[in-house]
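Peer 1: So the chains spell out like this:
Number of protein chains: 2
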Amino acid sequence: MFRTAELQRKLLKEDYRQQVPPLREELLMLQMELRKADFPVIVIFAGVDGAGKGETVNQLHEWLDSRWLITQAFGEPSDEERDRPEYWRFWLALPPRGRIGLFLSSWYSRPILDHVYGHTGPADFDEQLERIKAFEKTLADDGALILKFWMHLSKEAQNNRLRKLEKSPLLHWRISKRDWQHWEMYERFIAAAERTIMKTSTGQAPWKIVEGYDERYRSVAVAAAIRDAVRFRLDEASKVSASGGHGDANLRSKLAQPDAGGSPPVTILSRLDMGEALAKENYDASLKRYQAKLNQLQRTARERKISTILVFEGWDAAGKGGSIRRITAALDARDYRVIQIAAPTDEEAAHNYLWRFWRHIPRAGRVTIYDRSWYGRVLVERVEGFARTRDWQRAYAEINDFEAQLVERGIVLLKFWLHITPEEQLRRFKEREQITYKSWKLTEEDWRNRERWADYELAVNDMVEHTSTRQEPWTLIEANDKRYARIKVLRTLCERLETALGETADRTRPRAKGAKKSATKSFKG
Amino acid sequence: MFRTAELQRKLLKEDYRQQVPPLREELLMLQMELRKADFPVIVIFAGVDGAGKGETVNQLHEWLDSRWLITQAFGEPSDEERDRPEYWRFWLALPPRGRIGLFLSSWYSRPILDHVYGHTGPADFDEQLERIKAFEKTLADDGALILKFWMHLSKEAQNNRLRKLEKSPLLHWRISKRDWQHWEMYERFIAAAERTIMKTSTGQAPWKIVEGYDERYRSVAVAAAIRDAVRFRLDEASKVSASGGHGDANLRSKLAQPDAGGSPPVTILSRLDMGEALAKENYDASLKRYQAKLNQLQRTARERKISTILVFEGWDAAGKGGSIRRITAALDARDYRVIQIAAPTDEEAAHNYLWRFWRHIPRAGRVTIYDRSWYGRVLVERVEGFARTRDWQRAYAEINDFEAQLVERGIVLLKFWLHITPEEQLRRFKEREQITYKSWKLTEEDWRNRERWADYELAVNDMVEHTSTRQEPWTLIEANDKRYARIKVLRTLCERLETALGETADRTRPRAKGAKKSATKSFKG
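Protein chains in written order, with the numbering used here: chain A, 649 to 1173; chain B, 649 to 1173.
No wet-lab data here; the hints were simulated from the structure.
Don't take every hint at face value.
One copy or two, either will do: identical chains are not told apart, so a pair holds if it fits within one copy or between any two.
[Unchecked claim] With a Cα cut of at most 20 angstroms, we get these calculated DMTMM-like pairs of lysine to aspartate or glutamate: (1) K785 x E775; (2) K803 x E673; (3) K658 x D1049; (4) K936 x E710; (5) K1078 x E673; (6) K847 x D774; (7) K684 x D994; (8) K953 x D727; (9) K1130 x D713; (10) K953 x E728; (11) K1130 x E710.
Bound-form chain A, shown alone (with noise of 0.2 angstroms):
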C-alpha cells in the first residue's frame, strides 16, 4: 500500500519557488469562496512519526488566512472530556460550515496506538473503525467536505528522519525515547495503518498517502490535494443550485398519502389503549411514592457518576411540560437541566444537527431532560420538508449510532412519546385559549400542525419502527388521562434507574455493550 509513497520524490527549490505563489493565491481564492458556502472542510493528518504532520499543518497556516482556519490537537482526555462519550470532544471541535477545520492527533489516533500496542484484538479494532466510519459519514452526508493525509516514511526515511532531528540544536528536542521505541514498532505501525485506510478509506472520505520524505514535496502535495477538492466541490455546488435543487417539492403530497386505499394508516399508535387513566386518590399516593423513589435513585446515581437522559416528544399540549415538572421536582436542582429545542442559533445552525445535543450531554451523574430533542429531524423536519428526503432518511441511522454511544459510556436513556388523541388536544387547545397564564403557549403553529396529524402519525410510527432499539427503546405514553401519563413516566424513569443501578452496583467501568434489556415494559415489551 505503501510502495508507492518511499520514491523519494522531491520537489526542487525553483520548482518550489514557482508553484508555490499562484497555489497560495488561488488557495485564498478558495477561501474566501468557502466562507460562503454551507459546507465545512475536514482535513485529518495522520501517519508516522516524524513524516512532518506538524510542519504541514503550519505551512497551511502560512498560506491560508488563518482567520478561518482552526487546528485541533487532542491529548490525553480532560476529566470533563472523560465524562461524556469518546465522541464528544470531536463533535464539539468540528469546523462549522464555511471553514477549514485541520485535526492532527484525531480520532483514528486511540485506536491504532492501542491496537499497536496490543490492548485491543483485531475485533475491537475493527469496531473503532467502524464508528469512525460512521461518525465520517454522518458528517459528509450532511456536507462536510473530508479529506485523510495518511504521510509516509519508509523505516529507512524514518530513521534517517529521527537521527537528523536528533544532531539538529534547535530540532533535537521532538525526539524523544518514545519516538525511537515507535520506530522499533514500525511493522506494526504500518500494518495498523494498512488496515485502517483500508477499512475507512470510502469514497465520501478518501484517504491519500503523501510521501513525507521531502518538505517542499509533501506541502505542496497536500495544499494542492485540498485546493483541488475545495474547487471540486465548490463547483459542483454551483452546478447544483443551478439546475433548481433536489426535486423535494412533491414531498408533502406524498407523505399525505401513504396507501392508495384513503382509510388513516394503521400505526403503532392506533393500538395503544388510549382509556388508561387512574383515578385521583391514587394518583396523589403514586406521586409521593415515585417522586421520593426517583430521588433516591437519583442520589445514589449522582454517587456512582451514572447520568441520565430523558427524551420527551409528543403531540403539540400531550403534557410534556407537566410530566417534565412531576420529575424535575423529586430531584435536586444542582442535577438536572431541562433544554428546551427551539429554533437553532446561528452557531448551532453552522454544524450538523446534531452537534447542538451533543453540546448538551451531562457531566457524570447529572441529569439532561431534552424537552424535544434530535427526532425533530424525523418528525417536524421531515414532514414540514424542512429536511430532504435523504437527510431524515439517513437520520434514523445517525440518531441511532449517537444514542449507542451514550448507552455504551454508561448513561441510563429514556425516550417517552406522549400520545393524546386529536380529539383530546382539541379540548385542551380550548382550553387553553381560556386561561389566561396558559394561552400564549397556543400559537398559530399549534392549529397548523393539527391538520397534519395522519402525516405526523406516520412519521412517528416510521421513527418508532427505526430508532425503538433493544438497548434504546421507545416508552409510549398513553396521554389522554394526564394523571395515568405522569405515574407511567415516572415509574418506567424509577424501573430504568433502578435496572442501571443494579447492574453497574459493582462496577466502575461504563456498561459494556450486550448489557441486559431494561426490565421497563417498553413498547416492544
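Fit chain B to the given chain A structure using the hints.
Peer 2: Leaving out everything else, chain B in the frame of chain A:
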C-alpha cells in the same frame, strides 16, 4: 442585619392558594416580554443551610417556563476549570439576554467558606468581595438585572429544620455531618454573611434577605421580588426607548475635534521613531535566532503549564498577520490558536462583550493569539459610535480587571500596537490592489477608516493611557519597516517569556500579585 428575618413569617395555606395563581400568571407573562428584551436576569441564591435555596429554585422551575430558565450550581472545579482564571466558569455560565439564570453556590460560596474555615483573613476576604463587586458591576453596567437573595434562618430555626429533615424518611439523606458542623459554626457564618452583604449590596446588585422559616412564605417572597424587579426594568426600558435613546448622536463630531486649535493632537504615537528599520541580513539572522528561542521557551512554558495570551491591535495593513505568522511558524501547531475577531455570532452578541474573549482563554501551557481583541470596544466601537460613550468609557476598568485576572492566574499577557504612518498605509493599500491574492484583504471599510485617522489616533492614545499598567503593559511597535516590527515583536515575546519562566522556575502555584515588572521594554520603560 438579620433580626428582621427571624420573625417566623408565615404564609397561610389559604393565602398561598389565593396568591399563587395570579403570581404565576404574571411571571409567565413577564418571561414572555423578557424574551424580547435586551438584558439578562441573574438571580443569586445564598444563605444558611436548610433555608430552602434549592427548594425555592425548584419552585421557580415549576412556576416559570423552564425553557427560558438556566440553573447553575458550581462544585469543585474540573481540571479544565482549574486551568483558567477562577471566574472563567462563571463567565461561561452567564445567561444570554432575554433569559433568567438562577445561581446556586455561585461566586459567593468559595470566599465565604474559605473565610469561615479560617483559610482567608479579613483582608483577603475583602479583596475577593471587591472582585465580586467589580464582576457584578461589569454585568450590571451592561444592562444585566442582578437579584441576590440571602435565605436566612435563626440558629434555633436552623436547628429545628435540620432535626426535622433528619427525621423525615424521605429527606434525611440531605443532612450530613457537615451540616451539623456548619450549625456549630453558625455565628461565624453569620459574621461572614453580614460582611458579604454589607460590602456587596450595591444599587445595581442589591441583596434581599428572605426569611427561610416557612416554605410558602419564602417561595412567594422570592417570586414576587423577581416579578417586581423584572417588571420595573421592563417598564423603564420602554420609557427610555420612547424618549429616543441616549443622545449619542453627536459623538462623531465631538470626537473629531479633540482640541480647539485644529492642529493634530499630540499622542503617544506621534512620539514613536518611525524611522526604525532593519537590514535584510540582520533580519534573516535575527528571525532565525528568535524563532529558535521562542520555540524552546514555549516548550518549557508548555511543560510548566504557563499559558500565553497575545493581543495584536494596529492600523489596517500595519502587518499584524505577518507578525503573527512569524510567531506561529516557531510554535507547534498543537499549542496555539489564532482567534480572529470579526462580527460576533448571535450567541456572542447575546452576552456581555467580554464573554466571547473569556470563551477562548487557553488551557494551561497553550498560546492564544487574538488578532484584534477586546480593545475593539475602545477603538472601533468608540470611534464609529457602535458603543455608547458611557459603555466604552467604563470599558477601560472592565478590561483592566479582566486582564488582572489573567495575570493573577499566571498567564503571560502581551499587548502589541502595530503603528504605521498614514503615508505608509497608503503605500501598502496601493500595493495590495496590485497583488491579486492580497487584493481581497482591501475593503471599502479600510478606505473609510483612513479618513478617521485622527479619531483613531486619539482613541489609541486614551487606550494606552488607561490600560497600559505595570502588570499588563502595551508594547508599541514602530512598523513602517516590516522587518523591524517583526523582530521587535518576537524579541519582546521572548523576553517576557524568559522573565515569566525565570520567575516561576521553582513554583507551581499561579503567579502572585505584585510580581516584578517584566524586563521588556514597554512603552512606559
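Peer 1: If a hint holds in the structure, say so; if it does not, say that too.
Peer 2: Going through the hints against the structure:
| no. | hint | verdict |
| --- | --- | --- |
| 1 | K785 x E775 | within (15 angstroms within a copy, 53 angstroms between copies) |
| 2 | K803 x E673 | neither (36 angstroms within a copy, 74 angstroms between copies) |
| 3 | K658 x D1049 | neither (43 angstroms within a copy, 53 angstroms between copies) |
| 4 | K936 x E710 | between (64 angstroms within a copy, 16 angstroms between copies) |
| 5 | K1078 x E673 | between (64 angstroms within a copy, 18 angstroms between copies) |
| 6 | K847 x D774 | within (8 angstroms within a copy, 61 angstroms between copies) |
| 7 | K684 x D994 | both (14 angstroms within a copy, 17 angstroms between copies) |
| 8 | K953 x D727 | both (12 angstroms within a copy, 17 angstroms between copies) |
| 9 | K1130 x D713 | between (57 angstroms within a copy, 19 angstroms between copies) |
| 10 | K953 x E728 | both (12 angstroms within a copy, 18 angstroms between copies) |
| 11 | K1130 x E710 | between (62 angstroms within a copy, 16 angstroms between copies) |
Checked against the numbered hints given earlier, this structure breaks hints 2, 3; the rest are met.
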